[in-house]
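By our numbering, the letter at position 414 of the sequence shown is numbered 422, and the numbering carries on one by one without gaps.
A few of these clues could be false.
Simulated crosslink set (DMTMM-like; lysine to aspartate or glutamate; CA at most 20 angstroms straight-line) [to be verified]:
| id | residue 1 | residue 2 |
| --- | --- | --- |
| 1 | Lys502 | Glu324 |
| 2 | Lys501 | Glu511 |
| 3 | Lys529 | Glu270 |
| 4 | Lys14 | Glu270 |
| 5 | Lys529 | Glu383 |
| 6 | Lys555 | Asp33 |
| 7 | Lys141 | Glu270 |
| 8 | Lys141 | Glu96 |
| 9 | Lys555 | Glu185 |
| 10 | Lys507 | Glu383 |
| 11 | Lys555 | Asp278 |
| 12 | Lys502 | Asp352 |
| 13 | Lys507 | Glu324 |
| 14 | Lys507 | Glu372 |
| 15 | Lys323 | Glu293 |
| 16 | Lys580 | Glu566 |
| 17 | Lys501 | Asp377 |
| 18 | Lys577 | Glu383 |
| 19 | Lys14 | Asp47 |
| 20 | Lys42 | Asp278 |
| 21 | Lys279 | Asp47 |
| 22 | Lys14 | Asp252 |
| 23 | Lys555 | Glu566 |
If you anchor each label on the Cβ, the simulated ranges turn out as follows [unchecked claim]:
| id | residue 1 | residue 2 | range |
| --- | --- | --- | --- |
| 24 | His353 | Thr36 | 47 to 55 angstroms |
| 25 | Ala17 | Lys580 | 24 to 32 angstroms |
| 26 | Lys141 | Val361 | 48 to 56 angstroms |
Simulated from the structure, these hints should not be mistaken for laboratory data. We treat Cβ as the ideally placed atom computed from N, Cα and C, and that holds for glycine.
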Amino acid sequence: MAEVAKAVALIDLALRACTAYDRPDAATRLTAAKESLADPVLHVVVAGEFKQGKSSLVNALVGATVCTVDDDVATAVPTYVRHGAKPEAALLYEPGRREPIPVADVRRYVLEGGAGGVNGDRVSGVEVRIPRKILAGGLVLVDTPGVGGLGSPHAAASLAAVSMADAVLFVTGAAQELTRSEVDFLQRARSLCPVVACVVTKTDFYPAWRRIRELNERHLAAHCPMPLMPVSSTLRSRAVKANDTALNAESGFTHLVAFLTEKIGASAVDKLAGEAAAEVLALCEQLDGRFQAERAALADPEAAARVVRELTGVKERVEALKSAAAKWNQTLSDGITDLTSDVDHDLRARVRVVIAEADTAIEEGDPADTWAEMEAWLQSRMADELLANYELLRDRATDLGVRVGDHFHEASTMIMRRPSVADPTPLATVADFQHKIDLDRMKLTKQAMVALKSAYGGALMFIILGSLVGVSLGPIGIGIGLVMGHRGLRDEKKRQVQKRRAEARNAIRRYCDEVSFVAGKDSRDTLRRVQRQLRDHYSGLAEELNKANAQALTSAAEAAKRTQADREKRLKDVDAELARIQQLRQRAQAVAA
Numbered sequence: 009m010a011e012v013a014k015a016v017a018l019i020d021l022a023l024r025a026c027t028a029y030d031r032p033d034a035a036t037r038l039t040a041a042k043e044s045l046a047d048p049v050l051h052v053v054v055a056g057e058f059k060q061g062k063s064s065l066v067n068a069l070v071g072a073t074v075c076t077v078d079d080d081v082a083t084a085v086p087t088y089v090r091h092g093a094k095p096e097a098a099l100l101y102e103p104g105r106r107e108p109i110p111v112a113d114v115r116r117y118v119l120e121g122g123a124g125g126v127n128g129d130r131v132s133g134v135e136v137r138i139p140r141k142i143l144a145g146g147l148v149l150v151d152t153p154g155v156g157g158l159g160s161p162h163a164a165a166s167l168a169a170v171s172m173a174d175a176v177l178f179v180t181g182a183a184q185e186l187t188r189s190e191v192d193f194l195q196r197a198r199s200l201c202p203v204v205a206c207v208v209t210k211t212d213f214y215p216a217w218r219r220i221r222e223l224n225e226r227h228l229a230a231h232c233p234m235p236l237m238p239v240s241s242t243l244r245s246r247a248v249k250a251n252d253t254a255l256n257a258e259s260g261f262t263h264l265v266a267f268l269t270e271k272i273g274a275s276a277v278d279k280l281a282g283e284a285a286a287e288v289l290a291l292c293e294q295l296d297g298r299f300q301a302e303r304a305a306l307a308d309p310e311a312a313a314r315v316v317r318e319l320t321g322v323k324e325r326v327e328a329l330k331s332a333a334a335k336w337n338q339t340l341s342d343g344i345t346d347l348t349s350d351v352d353h354d355l356r357a358r359v360r361v362v363i364a365e366a367d368t369a370i371e372e373g374d375p376a377d378t379w380a381e382m383e384a385w386l387q388s389r390m391a392d393e394l395l396a397n398y399e400l401l402r403d404r405a406t407d408l409g410v411r412v413g414d415h416f417h418e419a420s421t422m423i424m425r426r427p428s429v430a431d432p433t434p435l436a437t438v439a440d441f442q443h444k445i446d447l448d449r450m451k452l453t454k455q456a457m458v459a460l461k462s463a464y465g466g467a468l469m470f471i472i473l474g475s476l477v478g479v480s481l482g483p484i485g486i487g488i489g490l491v492m493g494h495r496g497l498r499d500e501k502k503r504q505v506q507k508r509r510a511e512a513r514n515a516i517r518r519y520c521d522e523v524s525f526v527a528g529k530d531s532r533d534t535l536r537r538v539q540r541q542l543r544d545h546y547s548g549l550a551e552e553l554n555k556a557n558a559q560a561l562t563s564a565a566e567a568a569k570r571t572q573a574d575r576e577k578r579l580k581d582v583d584a585e586l587a588r589i590q591q592l593r594q595r596a597q598a599v600a601a
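Can you make the complete structure from the sequences, with help from the hints?
Here it is, written out as structure tokens:
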């Protein structure tokens with residue numbers, strides 16, 4: 009918080025400089041940076057297999073029962089726990105709609121099979137606000153759904169939330185060592201989020217938890233090194249109620265709280281303070297250029313004309329930066345076009361692979377037997393592919409932002425900001441699989457009718473043929489009828505299986521087409537937002553450069569017209585302004601360090 013206070017004081021000083029030097033354009037960005045410092049938000053996602061103690065961990069951290077814990081039913085929607093002046097709760101809908109609810113009703117909405125939103129709208133999450141010191145610095149704990157485990161569509165939704173988080177706490181129980189799916193999830197999480205830690209829960213329930221901790225440490229060291237912290241939520245809750253320091257230390261939560269406050273909170277605060285300092289340094293560069301040009305014209309009247317010519321050339325280059333033909337603008341436009349095409353092609357290729365795998369699985373079995381498993385597999389598979397497609401979009405969009413910034417910086421010294429992309433969590437939570445397939449097998453009565461029909465037809469055919477040639481088949485005709493009946497029944501069963509397979513393939517294609525349609529629209533909207541963010545950001549910087557250069561050009565031109573006495577007097581004022589700007593720069597460098 010001391011770093012935040014220093015950064016806020018620095019921005020206040022820079023805002024006064026903006027007022028004094030007539031730079032309202034730069035004040036806009038500084039004001040935005042100050043607002044970020046005033047209300048920092050640090051999202052910590054709590055993820056893991058279902059029934060591993062995620063909700064209990066969040067409750068123990070904040071010292072209150074805010075997340076619903078149930079022995080039989082898993083959490084179905086994410087719960088966001090953040091600081092508030094008084095306990096209150098709200099349902100979250102897409103896009104950005106909220107509905108206040110009593111805190112006592114949270115359980116009805118977060119558990120699997122819970123109540124839906126108003127008018128049947130789907131609830132995307134529940135937000136709970138409580139007055140707790142650990143949350144006062146902007147910490148937001150996100151208890152993710154555990155329905156279906158890491159192999160379900162909820163795993164992809166959890167990873168999507170991880171990609172937007174500041175840190176991740178992966179929860180695993182002390183009953184067994186990390187599984188292959190858990191290690192895979194951790195490896196994926198580390199590629200999406202810079203700060204990940206593993207928490208072993210229920211140490212009070214399993215005496216061999218130390219052995220489990222050793223095994224987990226080996227797995228993490230071999231595949232994805234990260235901090236490992238064993239804890240007991242039960243001991244922590246008792247320690248908070250009894251205000252027992254020794255019991256709290258035994259619970260293991262002292263290390264976890266220190267990790268959250270020192271590692272995560274400090275790094276986030278440093279990042280915000282660094283961004284604020286960068287904004288101030290950018291302002292200092294512009295102001296310094298203005299007064300340095302005026303000083304050069306004042307100190308050497310003969311060189312004033314040269315300074316004016318140089319600044320005029322700079323003005324032309326800055327004007328070129330604002331045009332659609334500017335290199336950075338062309339790079340942005342071409343990059344977004346290429347990226348839109350690549351992301352769409354990647355999504356189509358992934359969907360084709362899923363459809364091919366589904367077709368193979370359908371051909372190897374009867375949908376009447378495998379359809380329930382097929383539905384769950386398809387939802388999970390599509391969610392995973394959507395997340396992979398989003399990762400491509402995010403990484404490529406970030407690279408595009410860097411390239412656009414590099415081209416812009418060829419004509420300026422401004423500091424680039426990384427573009428933000430949309431939260432993919434709602435997209436990763438794929439829609440329910442709606443199908444219209446007749447999965448019913450033939451009932452015994454229908455099988456009997458098919459067999460009788462085939463037997464009667466076959467026997468009748470042979471009896472007629474026998475009578476034509478003058479041969480009486482007798483009992484042999486009955487045998488022939490039975491054989492034909494069995495064959496007819498077998499062919500009808502085969503035909504119905506093929507029919508179910510065809511219907512299953514069509515249903516899968518309809519579902520994949522619907523998901524692709526929604527995901528494609530979301531990707532294109534996201535890329536348009538990225539394009540607008542980059543365009544507006546660098547257009548704003550170009551306007552600031554133009555403003556700074558215009559002021560410098562005006563000052564240099566006026567300096568060339570001054571008398572000797574006026575120049576000497578003004579030179580002292582300019583040196584004083586440069587000294588003030590240097591002091592502001594030094595303070596910004598101290599905050600950024």
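Now for the hints, and whether the structure bears them out:
| no. | hint | in the structure |
| --- | --- | --- |
| 1 | Lys502 with Glu324 | violated (78 angstroms) |
| 2 | Lys501 with Glu511 | holds (15 angstroms) |
| 3 | Lys529 with Glu270 | violated (40 angstroms) |
| 4 | Lys14 with Glu270 | holds (18 angstroms) |
| 5 | Lys529 with Glu383 | violated (24 angstroms) |
| 6 | Lys555 with Asp33 | holds (8 angstroms) |
| 7 | Lys141 with Glu270 | holds (14 angstroms) |
| 8 | Lys141 with Glu96 | holds (16 angstroms) |
| 9 | Lys555 with Glu185 | violated (62 angstroms) |
| 10 | Lys507 with Glu383 | holds (18 angstroms) |
| 11 | Lys555 with Asp278 | violated (30 angstroms) |
| 12 | Lys502 with Asp352 | violated (39 angstroms) |
| 13 | Lys507 with Glu324 | violated (71 angstroms) |
| 14 | Lys507 with Glu372 | holds (14 angstroms) |
| 15 | Lys323 with Glu293 | holds (16 angstroms) |
| 16 | Lys580 with Glu566 | holds (16 angstroms) |
| 17 | Lys501 with Asp377 | holds (14 angstroms) |
| 18 | Lys577 with Glu383 | violated (82 angstroms) |
| 19 | Lys14 with Asp47 | holds (15 angstroms) |
| 20 | Lys42 with Asp278 | holds (14 angstroms) |
| 21 | Lys279 with Asp47 | holds (14 angstroms) |
| 22 | Lys14 with Asp252 | violated (36 angstroms) |
| 23 | Lys555 with Glu566 | holds (17 angstroms) |
| 24 | His353 with Thr36: 47 to 55 angstroms | violated (39 angstroms) |
| 25 | Ala17 with Lys580: 24 to 32 angstroms | holds (28 angstroms) |
| 26 | Lys141 with Val361: 48 to 56 angstroms | holds (49 angstroms) |
Against the hints set out earlier in the document, violations occur for numbers 1, 3, 5, 9, 11, 12, 13, 18, 22, 24.
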